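Trainee: Residue strings, one per chain:
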Amino acid sequence: SQQGEEDPQALSIQEGENATMNCSYKTSINNLQWYRQNSGRGLVHLILIRSNEREKHSGRLRVTLDTSKKSSSLLITASRAADTASYFCATLETSGSRLTFGEGTQLTVNP
Amino acid sequence: DTEVTQTPKHLVMGMTNKKSLKCEQHMGHRAMYWYKQKAKKPPELMFVYSYEKLSINESVPSRFSPECPNSSLLNLHLHALQPEDSALYLCASSQPYEKLFFGSGTQLSVL
Chain S
602 SQQGEEDPQA LSIQEGENAT MNCSYKTSIN NLQWYRQNSG RGLVHLILIR
652 SNEREKHSGR LRVTLDTSKK SSSLLITASR AADTASYFCA TLETSGSRLT
702 FGEGTQLTVN P
Chain G
3 DTEVTQTPKH LVMGMTNKKS LKCEQHMGHR AMYWYKQKAK KPPELMFVYS
53 YEKLSINESV PSRFSPECPN SSLLNLHLHA LQPEDSALYL CASSQPYEKL
103 FFGSGTQLSV L
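Residue numbers (my numbering), protein chains in the order written: chain S, 602 to 712; chain G, 3 to 113.
In case anyone wonders, no lab produced these hints; they're calculated from the structure. Possibly wrong hints are sitting among the right ones.
[Stated by the list, open to error] Here are the simulated lysine to aspartate or glutamate pairs, EDC-like style, with alpha carbons at most 16 angstroms apart: (1) S:Lys627 <-> S:Asp667; (2) G:Lys101 <-> S:Asp667; (3) G:Lys42 <-> S:Asp667.
[Said to hold, decoys possible] Partial pick of chain G residues on the chain S-facing surface, computed with a CB cut under 7 angstroms: (4) Pro45; (5) Tyr99; (6) Gly107.
[Claimed, not checked] One side of the interface only, derived from the structure: several residues of chain S facing chain G at Cβ under 10 angstroms: (7) Leu644; (8) Leu647; (9) Ala686; (10) Leu700; (11) Thr701; (12) Phe702.
From a predicted model like this one, the values you see are computed outputs, not experimental measurements. All C-beta atoms, glycine included, are put in the ideal place defined by N, C-alpha and C.
Generate the whole structure from the sequences, applying the supplied hints.
Mentor: Right, dumping it as structure tokens:
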């Protein structure tokens, strides 16, 4: 069964705008990760935030984690057409073995 | 080398066939994974190998049989599949508690 839900399911924005995606999960976690997938092929890791961290940055990406609300958000700033993809959050259970994906957000960035 | 290599990229098989999917990594990762992904859905965990031993089997039907011959290789043996098993099969590897590196997947069609 899937761990989390993502919101929104689909997001369409113009180049240069910011995109925010949200993820909720149900159980205790070791860390939360965000992945990107183009055209149904392999997933690419974007960023990992541990359960004792609240915010993390990587280039144009900013991730927050609120373990009390069991939620995370991914912000992509100054979006580009090349950012068009599906974005998934994934939670690693505390045992460290099972990484479970949320439903994903389909992001479309229009030129 | 930061790649996970999956072969074949595409596979079409009949319900009576036996085939195998192969996955290879040379990053020294001690955990390897099989995920199944249907179109417009998130990846679903099937199996996890940790230090070459099967640590998680997500109640996958026995027509799917995983094998980890050594720390760099992961196979998925397929036998008597059903049309509903048609999907993208993704292999991944990681160090414990860290991000996953995914292969580009095998697109499987069962006729």
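Trainee: Does each hint hold? Answer for all of them.
Mentor: Going down the list of hints, with the structure as the test:
1. S:Lys627 <-> S:Asp667: Cα-Cα ~12 angstroms, so holds.
2. G:Lys101 <-> S:Asp667: This hinted pair is violated, its Cα atoms lying about 20 angstroms apart.
3. G:Lys42 <-> S:Asp667: This hinted pair is violated, its Cα atoms lying about 27 angstroms apart.
4. Pro45: Nearest chain S Cβ about 5 angstroms off; hint holds.
5. Tyr99: 5 angstroms, holds
6. Gly107: 6 angstroms, holds
7. Leu644: 5 angstroms, holds
8. Leu647: 9 angstroms, holds
9. Ala686: 13 angstroms, violated
10. Leu700: 6 angstroms, holds
11. Thr701: 7 angstroms, holds
12. Phe702: 4 angstroms, holds
The structure shown violates the earlier hints numbered 2, 3, 9.
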